[in-house]
Amino acid sequence: MPIHYYIYLSLALFCIGVTGVLTRRNAIIVFMCIELMLNAVNLLLVAFSKMFYGFGLAESPNSIVGIDAQIFVFFIMVVAAAEVSVGLAIIVMMYRNTHSVDINFLNRLKN
Amino acid sequence: MNAIIVSALLGVIMMFTSWGIKGEKSQKYIALMGLAILILANLSQLNGWYVIEYDTKGMLAFSRYGIYANTILFTLTFLYVWINGDEISKIGNHAADFYALFFFILCGASVLTSFDNLLMLFIGIEMLSIPLYILTSSDKTSLTSNEAGLKYFLMGAFSTGILLLGITFIYGATGSFHLTVPETGFKYEMFMRSGGLILIFVAMNFKVSAAPFHFWTPDVYDGAPTVFTSFMATIAKAAGFFAFMSVFQVQYQALGYSWTLLLPFVIISTLLIGNVTAVFQRSVKRMLAYSSIAQAGFMLFALYKPSTFANEGILLYAFVYSVASIGMFGVLIKMKENSIEGFNGLAKAHPLLAFVTTIFLFSLAGIPLTGGFFAKYYMINAILVAGAGLWLVIVALVFAAISVYYYFKIIQAMYFVPGEPALGEIQNTYPYKLLVLAVLLLILGVFPNLLLNYLYF
Numbered sequence: 002m003p004i005h006y007y008i009y010l011s012l013a014l015f016c017i018g019v020t021g022v023l024t025r026r027n028a029i030i031v032f033m034c035i036e037l038m039l040n041a042v043n044l045l046l047v048a049f050s051k052m053f054y055g056f057g058l059a060e061s062p063n064s065i066v067g068i069d070a071q072i073f074v075f076f077i078m079v080v081a082a083a084e085v086s087v088g089l090a091i092i093v094m095m096y097r098n099t100h101s102v103d104i105n106f107l108n109r110l111k112n
Numbered sequence: 129m130n131a132i133i134v135s136a137l138l139g140v141i142m143m144f145t146s147w148g149i150k151g152e153k154s155q156k157y158i159a160l161m162g163l164a165i166l167i168l169a170n171l172s173q174l175n176g177w178y179v180i181e182y183d184t185k186g187m188l189a190f191s192r193y194g195i196y197a198n199t200i201l202f203t204l205t206f207l208y209v210w211i212n213g214d215e216i217s218k219i220g221n222h223a224a225d226f227y228a229l230f231f232f233i234l235c236g237a238s239v240l241t242s243f244d245n246l247l248m249l250f251i252g253i254e255m256l257s258i259p260l261y262i263l264t265s266s267d268k269t270s271l272t273s274n275e276a277g278l279k280y281f282l283m284g285a286f287s288t289g290i291l292l293l294g295i296t297f298i299y300g301a302t303g304s305f306h307l308t309v310p311e312t313g314f315k316y317e318m319f320m321r322s323g324g325l326i327l328i329f330v331a332m333n334f335k336v337s338a339a340p341f342h343f344w345t346p347d348v349y350d351g352a353p354t355v356f357t358s359f360m361a362t363i364a365k366a367a368g369f370f371a372f373m374s375v376f377q378v379q380y381q382a383l384g385y386s387w388t389l390l391l392p393f394v395i396i397s398t399l400l401i402g403n404v405t406a407v408f409q410r411s412v413k414r415m416l417a418y419s420s421i422a423q424a425g426f427m428l429f430a431l432y433k434p435s436t437f438a439n440e441g442i443l444l445y446a447f448v449y450s451v452a453s454i455g456m457f458g459v460l461i462k463m464k465e466n467s468i469e470g471f472n473g474l475a476k477a478h479p480l481l482a483f484v485t486t487i488f489l490f491s492l493a494g495i496p497l498t499g500g501f502f503a504k505y506y507m508i509n510a511i512l513v514a515g516a517g518l519w520l521v522i523v524a525l526v527f528a529a530i531s532v533y534y535y536f537k538i539i540q541a542m543y544f545v546p547g548e549p550a551l552g553e554i555q556n557t558y559p560y561k562l563l564v565l566a567v568l569l570l571i572l573g574v575f576p577n578l579l580l581n582y583l584y585f
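Protein chains in written order, with this note's numbering: chain A, 2 to 112; chain B, 129 to 585.
Among these hints, one or two may not hold up.
[To be verified] Dumping the calculated DSSO-like pairs for lysine-lysine here, alpha-carbon to alpha-carbon at most 27 Å:
1) A:LYS51 / B:LYS315
2) B:LYS185 / A:LYS51
3) B:LYS462 / B:LYS218
Read the hints as simulated data drawn from the structure, not as lab findings. Keep in mind it's a predicted model, so treat the numbers as computed, not measured.
Construct all of the structure, not just a fragment, from the sequences and the given hints.
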């Protein structure tokens, strides 16, 4: 399959994520949309990795070109997990204080 | 290498300190001792002494410049903890946890001064940001702190997504994550590479709070506990700028002519929004947030084109701006009220405090004989050397003049408006600590080379 199908799919997922972040008002859903953005990037990285691996195979049968992108994907997953742990803690803390996870609540600082 | 390993280890040690050692004073001194060890370990790398000798396979590259940038960040943290240690222990129950987070942030910062691979850029930025989310929302019962934390977290994670998409595009264009890759001649290389670079540019602008991506800054700086605002606006921002510099010093050519349009646009909108909005603020804390946006506009000058002036200037600017801001926030912490009226008559009530505040504000405004003057001088020289044209310099000077207005509003309130300042309790030694910062600024205002000479010998 040509690489641009993957690029379009990933960009579509990424844009859905961005739209969600900008329009949704529930902190959890905004958070899910951010995860969607990260996963769109993961998909694109794996697709590129496979593409470069294909190029490498054409040159030598035991090529490992493109392996670094796959490792990058693992790093993104780990960092996303770390972010989730901090982010959910912040959301829970906010829920305790306001009994809501609505972002519209966040306007105390706007004056 | 030493800085990364030792700061991570010290962070872990600091975490256990809260379990073993009671008493905030001793935790503060342990943190200060740790920072001193960190500075020494970092400098000893120059003499070829390594904690662990390890081949990083081109992920990290250590240069004298990076090590010196580390030293500056660590020294700033040392001054910060020395001055604000007692305030930090007033927030939450476990001050040692915050010190541990500072060490983790410094670990991220030392990755950011030495990365040679976009993977390390990503990891460094995350190591810098994630502890900052925690610090921002550390005042668990305060609604403003919660709000600032959530906002900062959502915006930070969003910009991370953009950064990653940019890195992925550059990978797709070149097949490598290295900072310096020759052109490979793929079909859509230029298109994807410049697209990726612009995405990275946007994400980095988010991190250093340059307009038009600054909108989270005033809310977050205002809502976070003042001690941690001081840390975020100075040390974390300086680290972000060092990373920004090293990405675009080698990569900006890929953008070609559009770089000379993109960067001035960002610089001018940052200066405009930062300075003009700061004029209308009633709260000093919020004004300092906008002024930190405006100062970021000046620091962006260093990115235009690599030159000696840009390299030296960003170090000098980061140091001088951070010292002045740490001092200014240090004064603000002791105020019961954040509004400018709170400063009324401070010169009568506490002359020394008013004097050091004046020096800090002079330095932020860039008045000669303070460090801020030479910092701005280096930045403007950098852009003249790069041949960006005189109009940008004139715009910068006009905005610097505007900034004098709102900084001097505080000086006017302190010296010429009668009133009773609402001061919290101040220990006898506290103003003298701030005086050390002020003297540092005055020395750098006469001999800026005292700081920069160490870059070379």
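Now for the hints, and whether the structure bears them out:
1. About 17 Å separates the Cα atoms of LYS51 (chain A) and LYS315 (chain B), which keeps this hinted pair within 27 Å; it holds.
2. Among the hinted pairs, LYS185 (chain B) with LYS51 (chain A) is consistent with the structure: their alpha-carbon atoms are about 22 Å apart, no more than 27 Å.
3. Taking the CA atoms of LYS462 (chain B) and LYS218 (chain B), the gap is near 13 Å; set against the 27 Å cutoff, the hint holds.
No hint from the list above goes unmet by this structure.
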